[in-house]
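Asker: Here are the chains, one letter per residue:
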Amino acid sequence: MVTVKINGKEITVEDGTLILNAARDAGFEVPTFCYQADLIGIGSCRMCLVEIEGQKKLQPSCVTPVLHGMSINTESPTVVSARAGVLEFLLANHALDCPVCDKGGECELQDMVYRYGPHKGRHAEPKFKFHEKDYVLSPVIIKNSNRCVQCVKCVRVCREVVGANVLTSLNRGDHQEETSFLRSFLDCDQDGNCIEVCPVGCFMRLPYRYKTRPWDLKGADTVCPYCATGCRMVIEHRDGVVIRARAQLGVGLNSETLCARGRFGFDFINNPNRLTTPLVRKRGALEPASWEEAMGLIKKNFSVGGGKVGGIASPRLVNEELYLFQKLFRTVFNSPNIDSSSRWDPLAVESFVSAASMHEGGVSIFDCMASDTLLIIGSHLSDENPVTDYIVRRISANRRMNVIIASPRAMKLDSSATQLLRHLPGAEDSVLEAIILNLNYDKLPDETLKPVKDARLEALLSTAGALDKEIKAIARKLGASSTVAVIAGTDFLRAPQSIPALGLLKDLLRSRGKKVTVLPALDRCNQRGAWEMGVHPGFGPGYSRVDKKGLGCDGILAAAEQGELDALYIAGSDVASMYPDGEFAAKALSAVKFLVVQDIFLTETAKLAHVVLPGASFAEKEGIFTNQEGRAQIIRKLLPPPGKAKRDFDIIRAVGESFDPSFGPKNPVLVLDEIRKEAPMYGDVSLVFNNKKNIEDKLDNRAALVKGAQSAALKVSRIEPRADLGGAEQFPFRLVTGNHLFHSGMLSRMSSSMTGLLNAAVIEISEGDADALGLRNGDKVSVRGAACEAQMTLRTRKGSGKGMAFVAENFEDAPVARFFRRGKGAPRVAITKI
Amino acid sequence: MLTENEKKELQAALKKYPNRRSAVMDALRIVQNGRGGHIVKEDMLEIASILEMQPAEVNAAATFYTMYNVNKPVGKHHIQVCRNISCSLMGAEHIIKHLERTLDIKTGQTTPDKKFTLSTVECLGSCATAPMMQINDDYYENLTDQKVDEILKNLK
Chain G
1 MVTVKINGKE ITVEDGTLIL NAARDAGFEV PTFCYQADLI GIGSCRMCLV EIEGQKKLQP
61 SCVTPVLHGM SINTESPTVV SARAGVLEFL LANHALDCPV CDKGGECELQ DMVYRYGPHK
121 GRHAEPKFKF HEKDYVLSPV IIKNSNRCVQ CVKCVRVCRE VVGANVLTSL NRGDHQEETS
181 FLRSFLDCDQ DGNCIEVCPV GCFMRLPYRY KTRPWDLKGA DTVCPYCATG CRMVIEHRDG
241 VVIRARAQLG VGLNSETLCA RGRFGFDFIN NPNRLTTPLV RKRGALEPAS WEEAMGLIKK
301 NFSVGGGKVG GIASPRLVNE ELYLFQKLFR TVFNSPNIDS SSRWDPLAVE SFVSAASMHE
361 GGVSIFDCMA SDTLLIIGSH LSDENPVTDY IVRRISANRR MNVIIASPRA MKLDSSATQL
421 LRHLPGAEDS VLEAIILNLN YDKLPDETLK PVKDARLEAL LSTAGALDKE IKAIARKLGA
481 SSTVAVIAGT DFLRAPQSIP ALGLLKDLLR SRGKKVTVLP ALDRCNQRGA WEMGVHPGFG
541 PGYSRVDKKG LGCDGILAAA EQGELDALYI AGSDVASMYP DGEFAAKALS AVKFLVVQDI
601 FLTETAKLAH VVLPGASFAE KEGIFTNQEG RAQIIRKLLP PPGKAKRDFD IIRAVGESFD
661 PSFGPKNPVL VLDEIRKEAP MYGDVSLVFN NKKNIEDKLD NRAALVKGAQ SAALKVSRIE
721 PRADLGGAEQ FPFRLVTGNH LFHSGMLSRM SSSMTGLLNA AVIEISEGDA DALGLRNGDK
781 VSVRGAACEA QMTLRTRKGS GKGMAFVAEN FEDAPVARFF RRGKGAPRVA ITKI
Chain H
1001 MLTENEKKEL QAALKKYPNR RSAVMDALRI VQNGRGGHIV KEDMLEIASI LEMQPAEVNA
1061 AATFYTMYNV NKPVGKHHIQ VCRNISCSLM GAEHIIKHLE RTLDIKTGQT TPDKKFTLST
1121 VECLGSCATA PMMQINDDYY ENLTDQKVDE ILKNLK
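Residue numbers (the numbering used here), protein chains in the order written: chain G, 1 to 834; chain H, 1001 to 1156.
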């Protein structure tokens, strides 16, 4: 600890604290442009100059650490005039076109000049102009370099946090321009973090351009509805149209970052195709109807007890709705047949929850990043959970830690890995088991020891497609660490035979006295919440034991196909598009005697329904999302639901009340009280928004993490792997799926910004495989599997594994679900040029 | 495309550095010399792929240093007048004006016969002999109008 005097006030701070932060801690404001807590300091803008007693020149406080006994002045006349001087130079070439600048009104340069600036300019020279007209840098970014203050935050966030590294500073001095390669159109992550960090109107959102002045916006502080990272963001509307989503520095675990989906994918809210009225099937077609008519039909066709009914609720609903949904089925319909996923086997879910220790309570990503070793397996983190990827990249660069990535596909985060393992798709089990075998060898740390001949290990290595030395190196690192974090992704749920090995590795490392945390990387915003609310056929709220186990989505569909299902209530899930066997799902759903679908769009599933109920999007309701870490966060209402649409909470409650007038609780606040009681994990979870603007990195709101469940009724089941669909000779590629960087499920398909970034199906293979087939990036190809054939555009990826093709699950023109067959494993495909 | 000789030269340059990207300035110099004094987009893309860098980073290095001419063909004699503080105080602005008048071009332009290109550059580290300029690889120092006329005459 060192003691320094700032403006005469004594303050004791930790060694190495920057003068800037010490001054801010002491309560003095120091203006900055180029400083940002999570970026490497460059001390270039000179706004933060301070006077240190005994030093002739002013010093940039954002890169100068305090020394014991320093006496610092942040408000001396020299400092004040230096600030004014810096601003005068910044304005020398600044365009000063504030009246037509999107940033006008929330511009840091405006605010600074107002507070500290010279109130008249002395520069008589003509201003230097980079260009005449603003230029479009990508489908979502437009740029005006004439307003730049050269803080270089855009380039730094792109390099240090996002890892895309496509922006740079061209030229130098007052001609320095932060832009892309030769100002060319960007083919990048399109996340717009460069826009968010820009203090002026240099990088701007293209979809937001000239739509409003910032002071005319009304906003709600909410949580992103796409993946389960749980990024906090503000969505803002003008005249009922949501036109901007932004992150806030120092708020939420994401601070100022968002991904493309979060920042630009909100416009599905105002999509004109939103459902605004209930629909009822009459003479074969869905026609608008009143709520009374729709509810009457539900009352008539859902039998209470006796008949077989099922319910599938989307992991995009809030906890209150999900809780009420399972209560509706378990208590009113007396049916345990409920599920929250159309893609995953309920047994796999239960095993995964148990193996990943989700019942032990929330795990902060910041704790994971404080461990000695981080193992990322079964997750294409860079595409599925982009902001988690940013956090891993940013923090791992700043501390000594092992980052091990095991993945069949190359990803952006690979560059942050200290060790990379390319294994075969779906072979997570062999990888983990081989690591476990190695951890069990006694003399592992001795590299000179002759490798043990082990037939089992050799078999595992060959199914994993990994080298002995790679696995040994991982085992050695895990063995030498006292804290280990594992990020385990959705590939475990797609290939559930790998789940027991995950649990085994965790238990083995724990038995050696290591602290092991597992962070499940999930791809739907409230998937964890849906499970913890008990929307699962095998466990109740808080992973509690249920008397009667029911059918999951797959079982429900099988029953429907046999004509045994009397009624099915689907809330927010597009089962027809997402179930891995599209043909079977469509057939089964058509065979349901009475199908109710509640959604915000007329999805493929809704088109098959007898009654369609219009629900609300995340912007039209309040409630709680539990992110993948187990952090409970409130979403806030910005707009009323469109037309006759209602909050999903009200719809579920009304359905319940039509059978049992006492069904409730009657409002979300009371439901939350009941959740706290029924699921003690949520007992004392704090929902107080940590909304204080937190310039430093204190982003970890731990009070929001759920606690451990006291009596979790979970077990890990061994799930036999399924044989691939199609022979390897005829179909050389193994098809894997997941979310595309620009899409998440089918929701993002309704956002015109996101479809503007990518609208047609693409298939991705490794560069080597493409070369061998004589195919090039961008070629049109035909993809043929045993069950389906579709045309797509080819993308090649450097560094991916051989013999694997990736098609995202988000394309309507090539629904990947149609390549799968119920009861079979991963489909195999052949790729030919058209 | 880099020629075989240029590739060889670049491979030799790579040996001087601890990592590939450090050789970016050598690569740019090799390419510029091979192109008769300037660099185009395709060169930067190729350098980026050889040195495992982002094209934007190569672009940044190439535009930061005034000795590289990106997308700007230059004449046979590339006149680069220093206009940093020392040279400016000693009359660089006047020298630039004189050159513009004599060659009948503006700064940044090339004469129609493609003989001369006139540029201004940042400090060339020869402040003691200000004002000064560099023509191709040679320094010309303590300039006056007469001296400039003589230098140009000898170059023609």
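Keep in mind that a hint or two might mislead.
[Stated by the list, open to error] Keeping only pairs whose Cα atoms sit at most 25 Å apart, straight-line, the calculated SDA-like set for lysine to any residue is:
hint, chain 1, residue 1, chain 2, residue 2
1, G, K9, G, K120
2, G, K824, G, K677
3, H, K1106, G, F128
4, G, K798, H, Q1109
5, G, K133, H, S1086
6, H, K1147, H, N1071
7, G, K127, H, K1041
8, G, K798, H, K1097
9, H, K1041, G, E720
10, H, K1072, G, V80
11, G, K127, H, E1093
12, G, K299, G, G550
13, G, K666, G, R183
14, H, K1041, G, G550
15, G, K798, H, E1093
16, G, K644, G, S169
17, H, K1097, H, Q1054
18, G, K120, G, R183
19, H, K1072, G, E622
20, G, K308, G, V332
21, H, K1106, G, T212
22, H, K1041, G, R822
23, G, K127, H, E1042
24, G, K127, H, S1022
25, G, K133, G, V80
26, G, K802, H, Q1109
27, G, K798, H, K1106
28, G, K798, H, I1105
29, H, K1041, G, N171
30, H, K1041, G, A285
31, G, K677, G, E720
32, H, K1072, H, L1155
33, G, K412, H, P1055
34, H, K1007, G, D771
35, G, K515, G, D367
36, H, K1041, G, E622
37, H, K1106, G, E177
[Claimed, not checked] Rough simulated footprint, nothing fancy, chain H against chain G, three-plus residues with beta-carbon under 8 Å:
hint, region
38, 360-374
39, 643-649
Don't read these hints as lab results, they were simulated from the structure.
Think of the CB as a built atom: it goes at the ideal place given N, C-alpha and C, for glycine as much as any other residue.
Asker: The structure should be examined with respect to each hint, and the outcome stated for every one.
Answerer: These are the hints, each one checked on the structure:
no., hint, result
1, G/K9 - G/K120, "violated (33 Å)"
2, G/K824 - G/K677, "violated (41 Å)"
3, H/K1106 - G/F128, "holds (17 Å)"
4, G/K798 - H/Q1109, "violated (42 Å)"
5, G/K133 - H/S1086, "violated (36 Å)"
6, H/K1147 - H/N1071, "violated (31 Å)"
7, G/K127 - H/K1041, "violated (29 Å)"
8, G/K798 - H/K1097, "violated (52 Å)"
9, H/K1041 - G/E720, "violated (54 Å)"
10, H/K1072 - G/V80, "violated (43 Å)"
11, G/K127 - H/E1093, "holds (19 Å)"
12, G/K299 - G/G550, "holds (22 Å)"
13, G/K666 - G/R183, "violated (57 Å)"
14, H/K1041 - G/G550, "violated (63 Å)"
15, G/K798 - H/E1093, "violated (51 Å)"
16, G/K644 - G/S169, "violated (52 Å)"
17, H/K1097 - H/Q1054, "violated (39 Å)"
18, G/K120 - G/R183, "violated (34 Å)"
19, H/K1072 - G/E622, "violated (58 Å)"
20, G/K308 - G/V332, "holds (13 Å)"
21, H/K1106 - G/T212, "violated (43 Å)"
22, H/K1041 - G/R822, "violated (51 Å)"
23, G/K127 - H/E1042, "violated (32 Å)"
24, G/K127 - H/S1022, "violated (35 Å)"
25, G/K133 - G/V80, "violated (35 Å)"
26, G/K802 - H/Q1109, "violated (52 Å)"
27, G/K798 - H/K1106, "violated (47 Å)"
28, G/K798 - H/I1105, "violated (48 Å)"
29, H/K1041 - G/N171, "holds (15 Å)"
30, H/K1041 - G/A285, "violated (58 Å)"
31, G/K677 - G/E720, "violated (37 Å)"
32, H/K1072 - H/L1155, "holds (22 Å)"
33, G/K412 - H/P1055, "holds (17 Å)"
34, H/K1007 - G/D771, "holds (23 Å)"
35, G/K515 - G/D367, "holds (11 Å)"
36, H/K1041 - G/E622, "violated (52 Å)"
37, H/K1106 - G/E177, "holds (23 Å)"
38, 360-374, "violated (count 0)"
39, 643-649, "violated (count 0)"
In summary, the structure is inconsistent with hints 1, 2, 4, 5, 6, 7, 8, 9, 10, 13, 14, 15, 16, 17, 18, 19, 21, 22, 23, 24, 25, 26, 27, 28, 30, 31, 36, 38 and 39 from the numbered list given earlier, while agreeing with the others.
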